[in-house]
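Sequences and hints are given; from them, build the entire structure.
Number of protein chains: 2
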Amino acid sequence: MSASLLTPDELEAELRKIGQERYHNLHPFHRLLHDGKLDRGQVQAWALNRYYYQSRIPAKDAALLSRLPTVELRREWRRRLDDHDGTETNIGGVRRWRKLAEGVGLDPQLVESTDAILPGVRFAVDAYVNFVRERSVLEAVASSLTEMFSPAIIAERVSGMLANYSWITEDTLAYFTPRLTQAPKDTEFALAYVKDHADTADKQRQVLAALRFKCDVLWTQLDVLYFSYVVPGFIPPGVFRPQV
Amino acid sequence: MSASLLTPDELEAELRKIGQERYHNLHPFHRLLHDGKLDRGQVQAWALNRYYYQSRIPAKDAALLSRLPTVELRREWRRRLDDHDGTETNIGGVRRWRKLAEGVGLDPQLVESTDAILPGVRFAVDAYVNFVRERSVLEAVASSLTEMFSPAIIAERVSGMLANYSWITEDTLAYFTPRLTQAPKDTEFALAYVKDHADTADKQRQVLAALRFKCDVLWTQLDVLYFSYVVPGFIPPGVFRPQV
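Residue numbers (the working numbering), protein chains in the order written: chain A, 1358 to 1601; chain B, 1358 to 1601.
Treat each hint with caution, since some may be false.
[Unchecked claim] Facing chain B, from chain A, some residues (calculated, C-beta under 7 Å):
| hint | residue |
| --- | --- |
| 1 | 1379 |
| 2 | 1476 |
| 3 | 1477 |
| 4 | 1481 |
| 5 | 1483 |
| 6 | 1484 |
| 7 | 1573 |
| 8 | 1576 |
| 9 | 1580 |
| 10 | 1588 |
| 11 | 1593 |
| 12 | 1594 |
[Stated by the list, open to error] Stretches of chain B that chain A covers, calculated by requiring three or more beta carbons in the stretch to come under 8 Å of a beta carbon on chain A:
| hint | segment |
| --- | --- |
| 13 | 1378-1391 |
| 14 | 1478-1490 |
| 15 | 1574-1582 |
| 16 | 1593-1600 |
These are computed hints drawn from the structure, not numbers from a lab. Just so you know, even glycine gets a beta-carbon here, dropped at the ideal spot from N, CA and C.
If you want it as structure tokens, here you go:
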């Protein structure tokens, strides 16, 4: 990477390039899911494990919120808590994912306990929460920018899953519908913040590394799902085992 | 698990049972390594990634040291820092592992940078350091008890690697020799501490969960190594790629 200062638009182009190379829509597990190549137990394993990620997003956003210095920034970021934990009129993303997990046939109590998830998923998700707690606010905001790439993956996932799994309904996938409008709104703010505040070559390097880190967090979750539930014989001790 | 209080010896028996079921000597990657079924690039990937674990052990021990309340406990635990970071007369475990990595043909600078390790390994190791920072001292001490099981795996690993890889010398594996006497000394103290301080059913449950967690940390590292470097086609973006 060059050590010279990029313009804000060049920085954005570099950020988008990271997505093209490392976003988890490129992962073989995503392809299997989308193409209907997973059996019901494998889709259950995905929904169960992914719930842990969903359930920690508010912890991540609250940690960042607690570090933002102005009313304006905190109000902006607080919208994410509304989206994920819900409001009077919106059940919120976490509970919506619980419905998805129930819709694919999982016991809601098992899902909520997170007792049966893969340790590798827990480690990756916790790494993300800790990153946002410990790094600079700029890096924490930049790590949210995988949402730049999510509308494409969501559209692909929903249409692929509905077309290929007869036992999955539109209602089960209701989690994804509001994300199609929430993610671009979140992205717009975060990207502008990053372009504005990454005003030295060092900060730009940190911002790019933060997005790479976040791509690793998502990619690693699919790695351990693939290894444990697609490659035969590697389900680790003490986790969810699909009924055969 | 029963909710009743175990005797200290029953607690020790439960701890040992966890090792028999979950310690990473049972992992297929360990078998491949020991039986000489890995090629040089795969052994390099193991040494490179495992270095990150070694390099963070002193951070873990220092975090615990900083939380120990008495001179006696701190002096006892400080021996681990001597062992890993070295003394006037002992180069220490971290540098000894660097020699191992060099001995299997890796660039020492690449090893020390930890830039090319698997994200899944980094997340697992960081989870361990954070566990020791955040949980009770009792749980932190208990999480070290995987060392109860390490002399057996070390003996097996060293003899297996020397017998099966002509390009590995006894000198390269010098890391392991002092561990055979250090680990039992460390274990003796930690096990006595845990048996003495886990004096409620709740604390005993925490202690058992801490050891299970630590087994997960070790197991997950071998999971991601196996998936990335044994199963063909899954090396994630941005990490070490063996020369072919």
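Going down the list of hints, with the structure as the test:
Taking 7 Å as the C-beta cut-off, the interface hint given for residue 1379 of chain A holds, the closest approach to chain B being about 5 Å. With a least beta-carbon distance of about 4 Å to chain B, the hint placing residue 1476 of chain A at the interface is held under the 7 Å criterion. At its closest, the beta carbon of residue 1477 of chain A sits 5 Å from a beta carbon of chain B; the interface hint therefore holds under the 7 Å criterion. Taking 7 Å as the C-beta cut-off, the interface hint given for residue 1481 of chain A holds, the closest approach to chain B being about 5 Å.
The restraint placing residue 1483 of chain A at the interface with chain B holds, with a minimum CB-CB distance near 6 Å, inside the 7 Å limit. Interface hint status for residue 1484 of chain A: upheld, as the beta-carbon distance to the closest one in chain B is roughly 4 Å, under 7 Å. A distance limit of 7 Å between C-beta atoms decides the matter here; for residue 1573 of chain A the minimum to chain B is near 4 Å, and the interface restraint holds. Interface restraint check for residue 1576 of chain A: the shortest CB-CB distance to chain B comes to about 6 Å, inside 7 Å, so the restraint holds.
Taking 7 Å as the C-beta cut-off, the interface hint given for residue 1580 of chain A holds, the closest approach to chain B being about 6 Å. For residue 1588 of chain A, the suggested interface contact is upheld, since its CB lies about 6 Å from the closest CB of chain B, less than 7 Å. Because the closest C-beta pair between residue 1593 of chain A and chain B is about 6 Å apart, less than 7 Å, the hint holds. The beta carbon of residue 1594 of chain A comes within 5 Å of a beta carbon in chain B, closer than 7 Å, and the hint placing it at the interface holds.
Counting residues of the segment 1378-1391 of chain B whose beta-carbon sits less than 8 Å from any beta-carbon of chain A gives 3, enough to reach three: the coverage restraint holds. Figure legend: the segment 1478-1490 of chain B, annotated as covered by chain A; annotation consistent (6 residues with Cβ-Cβ distances under 8 Å, at least 3 required). With 5 residues carrying a beta carbon less than 8 Å from a beta carbon of chain A, the segment 1574-1582 of chain B meets the three-residue requirement, and the given coverage holds. Here's how the segment 1593-1600 of chain B fares: 3 of its residues keep a CB closer than 8 Å to some CB of chain A, so the rule of at least three is met and the hint holds.
The structure agrees with every numbered hint stated previously.
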